[in-house]
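We have chain A already, so just place chain B on it with the hints.
Residue numbers (the working numbering), protein chains in the order written: chain A, 1 to 396; chain B, 397 to 804.
Hints were generated in silico from the structure; no laboratory data involved. Treat the hints with caution; some may be incorrect.
DSSO-like mimics (lysine-lysine), calculated; alpha carbons at most 30 Å apart, straight line [stated by the list, open to error]:
1. A:K342 <-> B:K602
2. A:K132 <-> B:K602
3. A:K198 <-> B:K704
4. B:K783 <-> A:K20
5. B:K609 <-> A:K132
6. B:K726 <-> B:K609
7. B:K609 <-> A:K254
Quick look at which bits of chain B chain A covers, simulated, 3 or more residues with Cβ under 8 Å [to be verified]:
8. 667-681
9. 746-758
Coverage of chain B stretches by chain A, computed from C-beta distances (three or more under 8 Å per stretch; other residues unrestricted) [to be verified]:
10. 460-469
11. 512-526
12. 544-558
13. 595-602
From a predicted model like this one, the values you see are computed outputs, not experimental measurements. All C-beta atoms, glycine included, are put in the ideal place defined by N, C-alpha and C.
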Amino acid sequence: MKKTLFTMAILLLVIIGCKKIMPPSPKDDELLDGPVEGLTTAETQQFLKGDIAFNDDIFTPQNGLGPIFVANSCGSCHAGDGKGHPFTTLTRFGQIDSTGNQWLSFGAPQLQNRAIPGYTPETLPSGVGFSKILPPANTGLGFLDAVSDVDIIAMSDPSDADADGISGIPNWVNVPSYCQLRSNAISQSGKYIGRFGKKGAAYDLLQQTANAYNQDMGINTAFEPYDTYSKLEVDPEVSNATVHDVVFYLKTLKTPVQRNQNDGEVQTGKQIFISIGCEKCHKAELKTGTSSIAALSNKTFSPYTDLLLHNMGSGLDDNYTEGSAKTYEWKTPALWGLGLSKNSQGGSYFLMHDGRAQSIEAAIQMHGGEGQQSNINFQNLSESDKQKLIKFLESL
Amino acid sequence: MKHLITVTFFVLYAHISFSQIDTSKVKRTPTDTSKMQLNLDAVYNRPFLQYGKIPVAIGGYAEANTQYAVTDGVTEGFSFQMRRMTLFLSSSIHRKIKFLTEIEFEDGTKEINIEFAALDFQFHHLLNFRGGIIMNPIGAFNQNHDGPRWEFIDRPISATQLLPSTFSNVGFGFYGKVYKPNYVWAYELYLTNGLNDNIIGNAENKTFLPATKLNPDRFEESFNGEPLTSAKTSLRVRKIGEFGLSYMGGIYNKFQEDGLVLDKKRRADVVAVDFNTTIPKANTVITSEFAWTFVDVPDTYTQQFGKKQHGGFIDIVQPIIKKKMFGFEKASFNAAVRAEYVDWNVGTFKETGGNIADEIFAIVPAISFRTSPQTVIRLNYRYEWQKDLLGNPAARTGAIQFGVSSYF
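Isolated chain B, as found in the complex:
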């Protein structure tokens, strides 16, 4: 923790110092729009600030909001939330070696995480080696989650509570890309430290992959000595869009300790598909992701923890006005809607044969005002229906959310 605070201090100090010395030498590295980008590229394709010719660039984003939520007529009133502030620091060590780190402060300083800290070595455009703390490339949102890129204040439920959003681990692997005039294809393959048995023993009372992040030792040692495999392939075809297929899986339980067998090896596997496109002329942006999880929960444990889950989301964003507004040169006003669904427990009760519910459906209309592609002011209205395990009448939640998010 001390190291984190020290690094953060120096990053901030450097940022401030540069500003104080000579702002004319601080240049903003724009995001790369020269070629077709994939979700894989999102980690480096961010606006950075660079001072002179120093091979270090910094950046970050922040997002804050207020919300008023009501569940079945009961409200806790208004809350103001500083959801997160994230700092990036990248460095070109060599023309073919680069380093990037992403440090995130969530809910003030309630959670401080190194989300990404990896060295990339380029041997060939098809063979890049990456090592350090990496983000497991499951789904698209995990790779491309920066707040300012989205019109919605809440992250998708399927990306945060079905898949472990911003799930990062220590590990190594390879990635590569092929660029052709009409398409770009990429692959990623990593081995990292893995999951743990919090996924079937947590306060959420359901199979919950994100609970694996509660293990504070995951950056230090593997929970069970078995690596987690993550793999993704993506294809972006010009005029059609990007399609991604990803997989993450491994042993999640502690099956042995000190050489003694405690249980059989139990797997958790996740498959996700994602698709995004921009409809020409209308400039409608569609982003979607759907995931399936398969967890080997012991038959003698409680059915409260599901063996199968699935869920996903679709976002549709329509720019309404794109022109200079309120003095902002590249402003846009957008309308958007998100529909999302997660079934935490796909199956039937052994006792009755009836359906196990434990599901949530939400719809989120939104409007946003972008002063530039990097800064968004957004207003969301969220309405969700959540059913318990037994399928009793759904708890209904409505929430008005207003917030801002920007790269800096």
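Same shape as in the complex, but just chain A:
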């Protein structure tokens, strides 16, 4: 009897002991994924459905992949909802101005560089301008989606009226018929402000998502029903409900949480960031308007973007564009989550629109055009101040 009790006690101790050495949760500020706070139960359930569709749905030749494609799941391009890796770089080609894409019959706008067995992937036509585009992080997209058009226009300065060398203009785009216009949407010549994608060419997350299914994975939806290989209208391969779940998931991902906010060097770095002019485009604070998702309504947040296009100089001119943007214009990328980028990019930085910068410092030095002066200001900083600025950027 004593033996039995002793054995049971040992087993119990082992179980209790093991429980204590279970792997703990990473801190909230170490992760990019996770829902925004304040979702209702119904919204949380839809978030979970979208999470599964986004991260767990794997497309294969049997369930619709391709036949030509770039990636076979959403999660392949956005590991942990962070920035992508050159493995899934997108190549877009064929458009050099606002008159549209002249190479649609050659497979433009996006190159599907992979194919299921038995098919041949697309190759880039010779002589065409193209741009390599690294998949962006997904965090906080719902907040960016909920910024009002009025606020975006208020940040723009098309004629550089304040003579600071920085203009900033919205990308005016045609909106697909399946997208619902935002309340109080502002139009210009029948076009509306695009705010997603490296050039800001996608009006909203539904367009971004439907395009990604179609162009990245060769998965047709009721929204984008034309097969990239046959160019024919085909049956949807995922349901509208799934697409809406994914859109909801993307909308309700939390904003990245800044780390080491109370560190003196980080605070000094932020001041340097502002003083050398970075903050003129990478706006530290934006606010949302009214959203159908209460958790996103009337919030102030820190994305470090103005959602506007800027001339970034000849070094970043790929001779390719989207919407009304010029080939040398790029939408200011949000800097939030920058310090966690390596955790989704396999341990290395791949920054700028195509991942050409292997460090934050290199990325700053590639800024030309409207970013040239800030670049020069950065070069003129002492080594210590440069490090404080980079420490601040890594805290985002």
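What follows is chain B alone, placed relative to chain A:
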């Protein structure tokens, strides 16, 4: 399916009926310990129950467990699992002809499989013919996988997710053995129905040979008309241990249909080595297996699906106490540990030249209490690190598992 249920019913009914009639006539056929055994022999070297002189014996095993797993702080809570119940039925049709079948019910009745159903004809000890549903002899675990034989609740990752564990197919082949006082040598060579292109198109999002089991028609017809070759040679040397070298390979894709060429023939090949031994005096049992897979994945497909994989495991089991305990005559208390590793995608990214990760490493300390060699109660603690394709920080999983497994 109806046939399976009917066969199962009769096996169970027979078992119950025998018990009800006269249990004194039911004898347990012990496992053969009279000569050196190989993994090849595991399929027949099981405890069977036989009624009188009827040339039919039945047996089986069951395993159930509970587990509490946490991945990066997130848990789904406790689960109780009836992993599998397996029934064996063997029959001696003639002194040199025997039949054995193994029917497995996994996760309740979620999966019901005939894992083995073959007729063996012995023409010579070096020339036995086997035909039916056979287990492809790749690695050792595939041949010797009965739950009660192991101190670990989970099967090794390399044996279940790199190699297709309990992979069986319809086919024919030969095997033979040479017994000498100090060693036994054996060979096996089979042709069976083969793999299919699920191995590079599956929900696991990686080259995954076990996905070939998703093809429900594999017992009816070959996916592409090309046989899969399986071969193994084993050598057990007294006082040293058993060494096995095995190969399995063939065309996996549908390269033609109705006489029309769809693609070139693409091969999948697997090589495995296995070794097991018992260290004298200490009675420490070491079991290990390592495998390499080579799959002709089209260059224009995604690198998500690797062309090369490798992985393996090593188990060390140390009996601590061996005596009568709690009224069980041949009880033993054991400590064990397993280390396992699989790299699903060996190679580098075309785009960056950087390493493709997609790998898992796990370590599993365990304790077990055996009431007899046929019955085990086991407690495992599993800790694993899993990296995604890009090599981002590993997802860490810890799991406490407690379970029982026994032949019956």
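Results of checking the hints against the structure:
no.: 1; hint: A:K342 <-> B:K602; in the structure: holds, 23 Å
no.: 2; hint: A:K132 <-> B:K602; in the structure: holds, 26 Å
no.: 3; hint: A:K198 <-> B:K704; in the structure: violated, 35 Å
no.: 4; hint: B:K783 <-> A:K20; in the structure: holds, 23 Å
no.: 5; hint: B:K609 <-> A:K132; in the structure: violated, 39 Å
no.: 6; hint: B:K726 <-> B:K609; in the structure: violated, 39 Å
no.: 7; hint: B:K609 <-> A:K254; in the structure: violated, 40 Å
no.: 8; hint: 667-681; in the structure: violated (count 0)
no.: 9; hint: 746-758; in the structure: holds (count 4)
no.: 10; hint: 460-469; in the structure: holds (count 5)
no.: 11; hint: 512-526; in the structure: violated (count 0)
no.: 12; hint: 544-558; in the structure: violated (count 0)
no.: 13; hint: 595-602; in the structure: holds (count 6)
Checked against the numbered hints listed earlier, the structure breaks hints 3, 5, 6, 7, 8, 11 and 12; every other hint is satisfied.
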